[in-house]
Amino acid sequence: MLSEVTFAGFGGQGVMLAGKILAHAGLDEGHEVVWLPSYGPEMRGGTAYCNVVISDKPIGSPIFAAPAAVVVMNRPSLDKFGSRVKPGGLLIINSSLIDATSDRTDIHVVRVPCNEIAQGFGSAKAANMAALGAYCGATKVVTVDSVKALVKETFGAKPKVLDLNYKTLERGWQAGEEGLAAAKKKIK
Amino acid sequence: MGEKKLLKGCEAIGEAAIQAGAKAFFGYPITPQSEVPEYLSKRLPEVGGVFLQAESEVAASNMLYGAAGAGVRIFTTTSSPGYSLMQEAVSYMAGSELPCVIVNIVRGGPGLGGILPGQGDYKQATRGGGHGDYRTPVLAPSTVQEAADLMIDAFDIADKYRNPVLVLGDGLIGQMMEPVEFKQRSTQVVEKPWATTGAKGRPPNIVNSLYLDAPTLERHNIKLKAKYDAIEKDERRWEEYGNTGKLDILLVAYGTVARVCKTAVDEMTKQGIRVGLFRPISLYPFPDAELRSAARQAKAILDIELSTGQMIDDVKAAVEGRVPVHYYGRVGGIVCTPEEVAFHAGRVIKGEQVYTIGEYAGLVTALTA
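Residue numbers (the working numbering), protein chains in the order written: chain A, 1 to 188; chain B, 189 to 557.
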């Protein structure tokens, strides 16, 4: 098992946290994991991103020319990373903020309205949970229980926030699962 | 065995120092290692240690000199420009035979350079860095776990030889999170009868690097040389990865780039290429006999660095002209990908000219324009 994903968005969209929760979940399930953040000038405005690798074997490179999966939360991230997805890979687009889509026919493109899903449960701030859910729902790289346990660890002290994040995560999960199934039909 | 925790490299380095029994940190923040002082500012007081942010790296390094002279287990962390500022004190500590651990999370240079990963400080690290005829052991981790392990070992090596020890990483090692387990260790209490701890009831100790009498200084230099000889004999560390024996190509890389090369080795092996990786873990002492042995049946070596070629001189010296040594690297904070390494290794195997760093960077720019 080897999964590589890049989460990308603008600062404040929570892409770093989404990646961290994913890496923690991988570790809790007994895998090797790496979480690598962007820490260069892009952190100060523009595109922030992190790479997460989960594997059964010791992990070599934490950087890759062509990631197997990319989750983009804003338009500049789509422009930067959309073309890099490995053929046969997965591109999840936050359709709430990105009108454009990818014209690539060699990858699975899944559009998920992350902000709208989160807003529907109380606050668009939880859009990152919809994105994380969509990625995990599509790839099943970790179980929903592991992710939920970590969401609880992160937001546990605030029941209202926890509820919002749980629901957003679950709806995102479902959107990812269904979106990939639909994309697979299309790509055939 | 402890529990596996997901930690940033910088946090793991800070915690490892505490696990190793470090009692004081003097430093000055600089990206990309400021998370170490941030972590220690909270953690060191919890274990009764001293955390002090100095007014500059020059001041911090001289505080290290003073505390090391008093026999305290001390360390600092910095990044390239900061380490340059510390060279005077490192030379004085080497001359005064004082143990100390220094972490350099190397960034791109020269000058202020950038904050992304680099390996341009290899020669400064392995040749002493400051003035005078001295060396410092240099350990180069390529994972967060290894950073923690080597950090602990660095303190023991420093005490054993009474010498500064350098841990060389880069922003990738410092910023990345990986699972870390701190191995349970019996706390070694090292006797330091030479330390200036107050001379009540004994003759005073003198910690100094000044020897105005030539024969005396020569004796001191010869003594230091004997110490470096012992280090070169006993402190060599390396890892061999992938195939061994008859090889189409042997990659040589350390630190961050070495782990990129591991992925490249896996991919190339799948394609039926006989490729191996030799990873020096101690950069000084450089594991030259071991590299020579690993390269004995290799058709060629590809030395891969995040510099325009610094370790390559040690690689060439090690193989004594028996194997052709090629170079490939990226600079400026760009880390090469496994695909890139495999591409250039493939060119070497086919007997094609390896692109120079400028040619390849130009090619990439043209392709992505």
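Treat the hints as calculated values from the structure; they're not laboratory data. What you are looking at is a predicted structure, and each value in this text was computed from that prediction instead of being measured. Misleading hints may appear alongside valid ones.
[Claimed, not checked] With a cut-off of at most 27 Å between alpha-carbon atoms, the simulated DSS-like pairs for lysine-lysine come out as follows:
(1) A:Lys185 with A:Lys140
(2) A:Lys57 with B:Lys230
(3) A:Lys57 with B:Lys211
(4) A:Lys158 with A:Lys148
(5) A:Lys167 with A:Lys152
(6) A:Lys185 with A:Lys86
(7) A:Lys140 with B:Lys192
(8) A:Lys167 with A:Lys148
(9) B:Lys421 with A:Lys152
(10) B:Lys458 with B:Lys487
(11) A:Lys158 with B:Lys193
(12) A:Lys140 with B:Lys193
(13) A:Lys86 with A:Lys167
(14) B:Lys192 with A:Lys57
(15) A:Lys148 with B:Lys192
(16) A:Lys152 with B:Lys193
(17) B:Lys458 with A:Lys86
(18) B:Lys211 with B:Lys230
(19) A:Lys148 with B:Lys193
(20) B:Lys348 with B:Lys311
(21) B:Lys434 with A:Lys158
(22) B:Lys538 with B:Lys421
(23) A:Lys57 with B:Lys434
(24) B:Lys311 with B:Lys504
(25) B:Lys230 with B:Lys311
(26) A:Lys140 with A:Lys167
(27) B:Lys230 with A:Lys152
(28) B:Lys311 with B:Lys434
(29) B:Lys415 with A:Lys57
(30) B:Lys348 with B:Lys421
So, going through the hints one by one against the coordinates:
Among the hinted pairs, Lys185 of chain A with Lys140 of chain A is consistent with the structure: their alpha-carbon atoms are about 19 Å apart, no more than 27 Å. Between Lys57 of chain A and Lys230 of chain B the alpha-carbon distance is near 34 Å, which puts this suggested pair outside the 27 Å criterion. This hinted pair does not check out: Lys57 of chain A and Lys211 of chain B have alpha carbons roughly 36 Å apart, beyond 27 Å. Between Lys158 of chain A and Lys148 of chain A the alpha-carbon distance is near 14 Å, which keeps this suggested pair within the 27 Å criterion.
Only pairs whose Cα atoms come within 27 Å are accepted, and Lys167 of chain A paired with Lys152 of chain A is accepted, the gap being roughly 12 Å. For the proposed pair Lys185 of chain A and Lys86 of chain A, the alpha carbon gap of about 19 Å is at most 27 Å, so the pair holds. A hinted pair counts as satisfied when its Cα atoms are at most 27 Å apart, and Lys140 of chain A with Lys192 of chain B qualifies at roughly 23 Å. As the CA atoms of Lys167 of chain A and Lys148 of chain A are separated by approximately 10 Å, the hinted pair is consistent with the 27 Å bound.
Only pairs whose Cα atoms come within 27 Å are accepted, and Lys421 of chain B paired with Lys152 of chain A is rejected, the gap being roughly 52 Å. For the suggested pair Lys458 of chain B and Lys487 of chain B, the alpha carbons sit about 19 Å apart, so the restraint of at most 27 Å is met. About 24 Å separates the Cα atoms of Lys158 of chain A and Lys193 of chain B, which keeps this hinted pair within 27 Å; it holds. At most 27 Å may separate the alpha-carbon atoms for a hinted pair to count; Lys140 of chain A and Lys193 of chain B meet this at roughly 23 Å.
Proposed proximity of Lys86 of chain A and Lys167 of chain A is contradicted: the alpha carbons are some 31 Å apart, above 27 Å. Proposed proximity of Lys192 of chain B and Lys57 of chain A is supported: the alpha carbons are some 16 Å apart, at most 27 Å. A hinted pair counts as satisfied when its Cα atoms are at most 27 Å apart, and Lys148 of chain A with Lys192 of chain B qualifies at roughly 20 Å. Between the alpha carbons of Lys152 of chain A and Lys193 of chain B the distance comes to roughly 18 Å, so the proposed pair stays at or under 27 Å and holds.
Taking the CA atoms of Lys458 of chain B and Lys86 of chain A, the gap is near 18 Å; set against the 27 Å cutoff, the hint holds. A C-alpha spacing of about 14 Å is found between Lys211 of chain B and Lys230 of chain B, which places the hinted pair at or below 27 Å, so the restraint holds. In summary, the hint linking Lys148 of chain A to Lys193 of chain B is supported, as the alpha carbons are separated by about 19 Å, within the 27 Å threshold. Of the supplied pair hints, the one linking Lys348 of chain B and Lys311 of chain B holds, its CA atoms being roughly 24 Å apart against a limit of 27 Å.
Using a Cα cut-off of 27 Å, the hinted pair Lys434 of chain B and Lys158 of chain A is violated, with the two alpha carbons roughly 61 Å apart. For the hint linking Lys538 of chain B to Lys421 of chain B, the alpha-carbon distance of about 38 Å lies beyond 27 Å, and the restraint is violated. A C-alpha spacing of about 25 Å is found between Lys57 of chain A and Lys434 of chain B, which places the hinted pair at or below 27 Å, so the restraint holds. A distance of roughly 15 Å separates the Cα atoms of Lys311 of chain B and Lys504 of chain B; the hinted pair therefore holds under the 27 Å criterion.
Between Lys230 of chain B and Lys311 of chain B the alpha-carbon distance is near 34 Å, which puts this suggested pair outside the 27 Å criterion. Distance check on the hinted pair: Lys140 of chain A and Lys167 of chain A sit about 18 Å apart at the alpha-carbon level, within 27 Å; holds. Proximity of Lys230 of chain B to Lys152 of chain A is assessed by CA-CA distance (about 25 Å); at most 27 Å being required, the pair is judged to hold. With a C-alpha separation of about 31 Å, the suggested pair Lys311 of chain B and Lys434 of chain B falls outside the 27 Å cut-off, and the hint is violated.
Taking the CA atoms of Lys415 of chain B and Lys57 of chain A, the gap is about 40 Å. The hint is violated against a cut of 27 Å. For the hint linking Lys348 of chain B to Lys421 of chain B, the alpha-carbon distance of about 14 Å falls within 27 Å, and the restraint holds.
Hints 2, 3, 9, 13, 21, 22, 25, 28, 29 from the earlier list are contradicted by this structure; the remaining hints agree with it.
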